[in-house]
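Novice: Chain residues, written in single-letter form:
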Amino acid sequence: MSSEVQDLTRLDRVIHEPARLGIMMVLHGAGEADFLYLQRECGLTQGNLSSHLARLEETGYVEIEKKFKGKFPMTVCRLSVKGKAAFDGYTEMLAAVLQVVRR
Amino acid sequence: MKDAAAPQSPGKRAAAYWFVDGLPELGFGVIYLIWSGLGIVWGSSPDQHWMKWGVVTAGVIFLVFFCWDRRILDMVKGRVTYPRTGYVRPPKDAQPNRPDEIVTLETARPLDENVTYFRMRTAFLFFVAMQLVTMADMTSDGRAARWAVPVVMMAAAALEYYWSREDARPYSLWSVPAIALAGWLTLAWHLSPKSTAYFPILIGGAWLTTHGLWTLVRYLRTNPHPQYGGAQS
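If you read the sequences in order, they're chains A and B. Count the first sequence with this note's numbering and you get residues 1 to 103, in order. Count the second sequence with this note's numbering and you get residues 1 to 233, in order.
Okay, chain A solo, but in the shape it has when bound (with noise of 0.2 Å):
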């Protein structure tokens, strides 16, 4: 049982946090996503989910891009390789935890 208490230690904290893990699975699942579906989606508001952005986007787990659809501005964000690995190894590392839980 050790080993697996020591594992959770190892779980990757930036996505950690519930409000950056709802966006990582939001991008996992949809693929991209722009800033007010986000914001919707995860029910964060303005200022919460751009400084979480901003954390996701310093490590390199989403990237970021601003462009036009028609007149209207968007904030496009996408996971990036790096992210998309790092969530996978989040979630199997967590299923393990989790796993060990219920047995």
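For the record, the hints were derived by calculation from the structure and aren't laboratory data. Where hints are given, some of them may not hold.
[Said to hold, decoys possible] Quick list of in silico lysine to aspartate or glutamate cross-link-like pairs, DMTMM-like style, CA-CA up to 25 Å:
no. : chain 1 : residue 1 : chain 2 : residue 2
1   : A       : LYS84     : A       : ASP7
2   : A       : LYS82     : A       : GLU32
3   : B       : LYS92     : B       : GLU166
4   : B       : LYS92     : A       : ASP88
5   : A       : LYS69     : B       : ASP69
6   : A       : LYS69     : A       : ASP7
7   : A       : LYS67     : A       : ASP88
8   : A       : LYS71     : A       : ASP88
9   : B       : LYS92     : A       : GLU32
10  : A       : LYS71     : B       : ASP69
11  : B       : LYS92     : A       : GLU65
12  : A       : LYS71     : B       : ASP74
[To be verified] Listing some non-contacts, in silico: residues in chain B with all C-beta distances to chain A over 10 Å:
no. : residue
13  : ILE34
14  : ASP47
15  : ASP93
16  : THR139
17  : ALA144
18  : VAL151
19  : SER172
Beta carbons: idealized from backbone N, C-alpha and C, even for Gly.
With chain A's structure known, arrange chain B on it following the hints.
Specialist: Just chain B, lined up with the frame of chain A:
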């Protein structure tokens, strides 16, 4: 009419979001309505050769929309939907023989869940129904076309319900019988076999347009344009 079922995963929610404004249904529905309208008029008065070109043009427009629906709708949504409720990647076409894998916590999620069958099944089905009625017309010298419509539309209704159950845009058991019922109602309309062949896309067009309009009106009412929303608050 049933709302898009609340899907569990973010990928399925993203796929359902494509239909939140009813524009995909409205797009296919309106094209089918125009195409069938022109086809029925042309079938009733075949001497009007200019009408033939109208039918051909409508067919080409359908083909263009069928091939580039996401690109075209994405442009429209850029004005209607994205400023109101945001943008998410349009869903890809689902693989027809994708195995129904059970996703558990122990497995990673290799599947792309932002997918839909709408274009390849829901919208295309009425085109196939039209082809079937045309074939029935050709093989029976026009005698079977009239009765082929209700039979084909009953099958279409059953397939619409069955296929859409697991899709991003499900249709309720109260909605699809309208397709079958409309098929039977066409028996009261005596037209030439050539016109009768267009009944499936007329029914499909009316059905899809009704769904699309209803969804669009409801969406616009619940999500006012940001500049108006801002002015109110």
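Novice: Go through the numbered hints given earlier and state which of them the structure violates, listing their numbers in rising order.
Specialist: 6, 7 and 8
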